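**Q** Hey, can you work out the whole structure from these sequences and the hints?
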Amino acid sequence: MKKYIVTTARKPNKTSENLAREIANKLELEFVERKDFSTNALKQIYQTENILIAKNNSLNLLTENGELFFHPSTAHLRIKNLRRGLSDRLIDATKIQLGMKILDCTLGLGSDAIVESFAVGKEGKVIALEKNPVLAELVRHGMKNFSADNQAVIDSMRRVEIITADYFDYLKSAAENSFDVVYFDPMFRHALNESSAIKPLRPVADKDPVSLEAIQEAKRVAKNFVVLKENSRSAEFARLGFEVAEGGKYSSVAFGVIKTLTFV
89 MKKYIVTTAR KPNKTSENLA REIANKLELE FVERKDFSTN ALKQIYQTEN ILIAKNNSLN
149 LLTENGELFF HPSTAHLRIK NLRRGLSDRL IDATKIQLGM KILDCTLGLG SDAIVESFAV
209 GKEGKVIALE KNPVLAELVR HGMKNFSADN QAVIDSMRRV EIITADYFDY LKSAAENSFD
269 VVYFDPMFRH ALNESSAIKP LRPVADKDPV SLEAIQEAKR VAKNFVVLKE NSRSAEFARL
329 GFEVAEGGKY SSVAFGVIKT LTFV
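In this note's numbering, the protein residues as written are 89 to 352.
If you are wondering where the hints come from, they were derived from the structure by calculation, not from laboratory data.
Heads up, some of the hints might be wrong.
[Said to hold, decoys possible] Pairwise CB distance ranges (calculated):
| # | residue 1 | residue 2 | range |
| --- | --- | --- | --- |
| 1 | 299 | 265 | 17 to 23 Å |
| 2 | 144 | 242 | 15 to 21 Å |
| 3 | 300 | 98 | 32 to 38 Å |
| 4 | 155 | 109 | 30 to 36 Å |
| 5 | 172 | 123 | 47 to 53 Å |
| 6 | 98 | 172 | 39 to 45 Å |
| 7 | 144 | 261 | 20 to 26 Å |
| 8 | 129 | 238 | 50 to 56 Å |
| 9 | 155 | 238 | 20 to 26 Å |
| 10 | 109 | 169 | 27 to 33 Å |
| 11 | 121 | 347 | 53 to 59 Å |
| 12 | 133 | 209 | 47 to 53 Å |
| 13 | 155 | 221 | 29 to 35 Å |
| 14 | 169 | 134 | 22 to 28 Å |
Predicted, not measured: the structure shown is a model, and the values here were computed from it.
Just so it is clear, CB atoms sit at the ideal spot from N, CA and C, and this is done for glycine as well.
**A** The structure is reproduced here in structure tokens:
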């Protein structure tokens with residue numbers, strides 16, 4: 089069974105058809121004409137699990153759990169709050185400041201990367217890694233083309249550099265102390281009130297646990313902190329050597345921190 093095919097909406101315009109063909113060629117996937125077939129019919133005809141659909145100038149990925157598309161999601165409100173002088177749990181845990189260089193090892197749909205990009209500003213840099221090339225392209229295209237009424241959100245997402253790579257391979261090739269912070273937000277193996285936006289991500293996301301070897305490489309690469317976001321009751325913090333530094337008693341999510349150098 090094929091993992092992916094690329095198509096358009098049922099009544100495509102030239103823009104969406106060109107986009108679909110371009111993405112299919114870039115990702116080396118099969119482009120199929122939609123005609124009047126339903127997505128269920130296409131899955132049966134082409135024996136595929138997932139369908140990447142070009143709609144005008146956007147990309148949607150249909151998985152067994154629903155339709156996945158890029159949206160800044162909570163990043164919009166979080167950046168608004170940061171501009172008002174309020175705190176953000178991720179920024180509090182990572183101690184991200186203007187001008188820093190951040191390696192986000194688990195892009196997902198990119199909400200955290202956008203907030204990180206806002207926090208480091210135009211003087212800093214956020215590199216976000218995604219192992220799945222289809223998901224990486226969906227988010228990359230979204231961050232490049234999504235329109236919003238908040239210029240700070242637009243500027244932040246446009247500055248994120250997305251690289252299609254396995255984070256362990258990338259960490260092994262990275263120079264020592266080449267980033268201020270290395271951040272992991274792996275897919276929780278036990279979903280916590282999963283939103284309708286995140287649920288379709290689960291079938292195509294990397295669900296492998298973070299390895300001790302990857303953390304050792306992260307500690308070599310990070311100047312200041314290695315940070316892990318996990319279920320607050322997760323045993324991963326203890327297994328991987330993290331100190332839970334940010335996560336309230338009643339919070340379902342916590343941040344674990346490993347200090348690599350004394351942070352001033």
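**Q** Each of the hints needs a verdict: does it hold here or not?
**A** Results of checking the hints against the structure:
no. : hint                   : result
1   : 299 to 265: 17 to 23 Å : holds, 21 Å
2   : 144 to 242: 15 to 21 Å : holds, 18 Å
3   : 300 to 98: 32 to 38 Å  : violated, 49 Å
4   : 155 to 109: 30 to 36 Å : violated, 21 Å
5   : 172 to 123: 47 to 53 Å : holds, 50 Å
6   : 98 to 172: 39 to 45 Å  : holds, 44 Å
7   : 144 to 261: 20 to 26 Å : violated, 37 Å
8   : 129 to 238: 50 to 56 Å : violated, 40 Å
9   : 155 to 238: 20 to 26 Å : holds, 24 Å
10  : 109 to 169: 27 to 33 Å : violated, 41 Å
11  : 121 to 347: 53 to 59 Å : holds, 55 Å
12  : 133 to 209: 47 to 53 Å : holds, 49 Å
13  : 155 to 221: 29 to 35 Å : violated, 19 Å
14  : 169 to 134: 22 to 28 Å : violated, 45 Å
Hint violations for this structure: numbers 3, 4, 7, 8, 10, 13, 14, all remaining hints satisfied.
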